[in-house]
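Participant: So the protein lines, in turn, are chains A and B. This note's numbering puts the first residue of the first sequence at -16, with every later residue one more than the last. This note's numbering puts the first residue of the second sequence at 1007, with every later residue one more than the last.
One or more hints might be untrue.
Said to hold, decoys possible - Derived pair list, reagent style DSBU-like, types lysine-lysine, alpha-carbon separation capped at 35 Å: (1) Lys1048(B) with Lys100(A); (2) Lys1361(B) with Lys85(A); (3) Lys33(A) with Lys1029(B); (4) Lys83(A) with Lys1048(B); (5) Lys1029(B) with Lys83(A); (6) Lys100(A) with Lys1029(B); (7) Lys83(A) with Lys1361(B); (8) Lys1369(B) with Lys1029(B).
What the hints contain is simulated information worked out from the structure, not anything from laboratory work. Just so we're clear, the structure is a prediction, and the values are computed from it rather than from any experiment.
Chain by chain, the residues run as shown.
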Amino acid sequence: MSTLKYTEDHEWVLTAGDGTCLIGITDFAQEQLGELVFIELPAVGDEVEKEDAVAVIESVKSASDLLMPVSGEIIEVNEELDSDPGIVNEDAMGAGWFIKVKLYDESELDELMDEDKYMEGLDDSE
Amino acid sequence: MSDTNEQIQQTALHDLHVELGAKMVPFAGYSMPVQYPMGLAKEHLHTRAQAGLFDVSHMGQVKLTGEKAAEALETLVPVDIAGLQPMKQRYALFTNDQGGVMDDLMVTNAGDHLFVVVNAACKDQDINHMREHIGNDCEIKVMEDYALLALQGPMAGAVMNRLSAGTDELVFMTAANIEIDGMDCFVTRSGYSGEDGFEISVHNNDAQQLARTLLAQPEVEAIGLGARDSLRLECGLCLYGHDLDTETTPVESSLLWALTKSRRADGARPGGYPGADIIMGQMANGVEKKRVGIQAEGRMPVRDGAVLVDADGNEIGVVTSGGFGPTVNGPIAMGYVKTQFATPDTELFAIVRDKQVSVKVVKLPFVKQNYYRG
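Given the sequences, and given the hints that come with them, work out the whole structure.
Facilitator: So this is what it looks like as C-alpha cells:
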C-alpha cells in the first residue's frame, strides 16, 4: 500500500510498499521558492544518508538544498527536470518528483509526518 | 539579520504593499516588498515589456542649498557638479582617501538646490560625510517627509504623459517639477532597471494616492526589490555593497564613464576629491583587477561569492552579483577578475558547491539599456 508522508523541510515521500519511495518538494515549497530555473540532481547509484543535501534547487531568487528525508540508494532521478525545472512549479506533488530511492530502513518512515500533521504545521506558520 | 535590534522602518507605501499581497522583508532597516503575488520573474518581464512601479522610498533624498553647494559637493566626488546645468542629472560616487567607493548616488541640479539620492544602507554615513566636509558650505537637509517612486519600462513615458501632459518630452537624466492630480512631483527621467523610466519624489502625504493613480494605469504593475535586482544586473548596473565597496576604486569597477572629463588629470578641474591621486594614478597606469560580466554555461546560476579560477585552478577573481536573468533566460553574473583575464571570451571556472562550472568573461550589459535620449 502506498502512503504519502511529509517532512518539516517541506518535502514529500511517497512509499510504494515495495521498499522504494519517490521524493519531491511540496506545493507550499515550490510556491515559496518561486519560479525554478535549475535543479541539480544526484546520480543514480548514489548512496545517501538521511539529512544529506542530495539535490540543489535554484530559483530566480536563491539556491536551496533538498535534504534526504530518509537513507537509501538513488535508483532513479527525474531527468525531465534537467530540461524543464518548471514542472515542479506546475505539479510539485506529481510530475515534479525528484528522485526514487531504495530504502535502507523502512522504520525511518515512521519519523515523518502524515498529511494532517503537515497541513497543521502550515496553518500554524501562516 | 544585523539590524534586528533596530526599529524596522516603514515607507509611506507600506500599507499599500501589504494590501497588494507583497512579501515584505527587512532591507537596509526598512520593511520592503521583495515581490508581489505576480512573482519575481513575471514582475521582471512585465517591467521590460510595459511598466513597473517600484517603491524606493528607503533611499535617502537630500537637498543641498546654497551658492557654493555644487562646488562643495565636487570636493567629495570625481564628477563635474559645478558644470551640471539646471534640471540635469548625473551619476556620481563618494570616494574615500584610498580611492574606494563609499556609495554611489544621483545628483540633480534642481535650480535653487541640488537634489541628491543615496543608497538606503549608506544614507546615515553619507549624510554625516557631507555634514562633516561640506556642512559649512551649504545647507544639508534630509527630505524625511518625501517618498521616492520609480516607474520603469518602455511604457513609462506614455503613462506619465497621460497623467501630466508634456512629461514624455524629458530625456534621460533630466528633471522637471510636474503636477499629477494636484500632487506636486519632482521627476527625473532615470532609474536603475536599464529601461526608460522616471523617479518621482513626492511628499509622504501624497505618496499612496500617487502610487494608486499609477497602478490604476493598465500598463503598470507593482514590482518588488527582487525584480529590481535582476533588472539592474541584466543591464550591468552595480549594486553598492556587492559590486562597489570601500576597497574598490571606480577604475577597478569599470566606471570610467562616470568620471567626468573636467575632473580628470587633463581636465579643467583635475582631482580635488578624496583619493584623487590613487584614482588618477590608476587611470594613467592601469589596475590589477577589473569588473566584468560573467556568463555561465548551462542554466545553473553562479551567485555572489563564487570564486573564479583559471584553467590551472588558480584563484583569479570572485563573483560579486549573480543570479538568473528572466529576460536573458539564463544565468547572469558580474565580478572582479585580475586584469589579464578581463578580455571578453576569456574562459574561466566558477567554484559552485565545490564543483567547477565553465564560465566566460563577457561584455556588459547582458540586456541592452533602453534609455530615452530624445
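Participant: Are Lys1029(B) and Lys83(A) close enough, with their CA atoms no more than 35 Å apart?
Facilitator: holds, 34 Å
Participant: Take the C-alpha atoms of Lys100(A) and Lys1029(B), compute the straight-line distance between them, and say whether it is at most 35 Å.
Facilitator: holds, 25 Å
Participant: Lys1369(B) and Lys1029(B) were given as a pair; does the straight-line alpha-carbon distance stay at or below 35 Å?
Facilitator: This hinted pair holds, its Cα atoms lying about 34 Å apart.
Participant: Keeping to a limit of 35 Å between CA atoms, is the pair of Lys1361(B) and Lys85(A) held or broken?
Facilitator: holds, 27 Å
Participant: Next pair to validate is Lys83(A) with Lys1361(B); report whether the Cα-Cα distance is within 35 Å.
Facilitator: holds, 24 Å
Participant: Hey, Lys33(A) versus Lys1029(B), does the alpha-carbon distance stay inside 35 Å?
Facilitator: holds, 32 Å
Participant: Does Lys100(A) lie within 35 Å of Lys1048(B) when you go C-alpha to C-alpha?
Facilitator: holds, 33 Å
Participant: Below or equal to 35 Å on CA atoms is what counts here, so check Lys83(A) against Lys1048(B).
Facilitator: Roughly 32 Å between the alpha carbons, so the hint for Lys83(A) and Lys1048(B) holds.
Hint violations for this structure: none, all hints satisfied.
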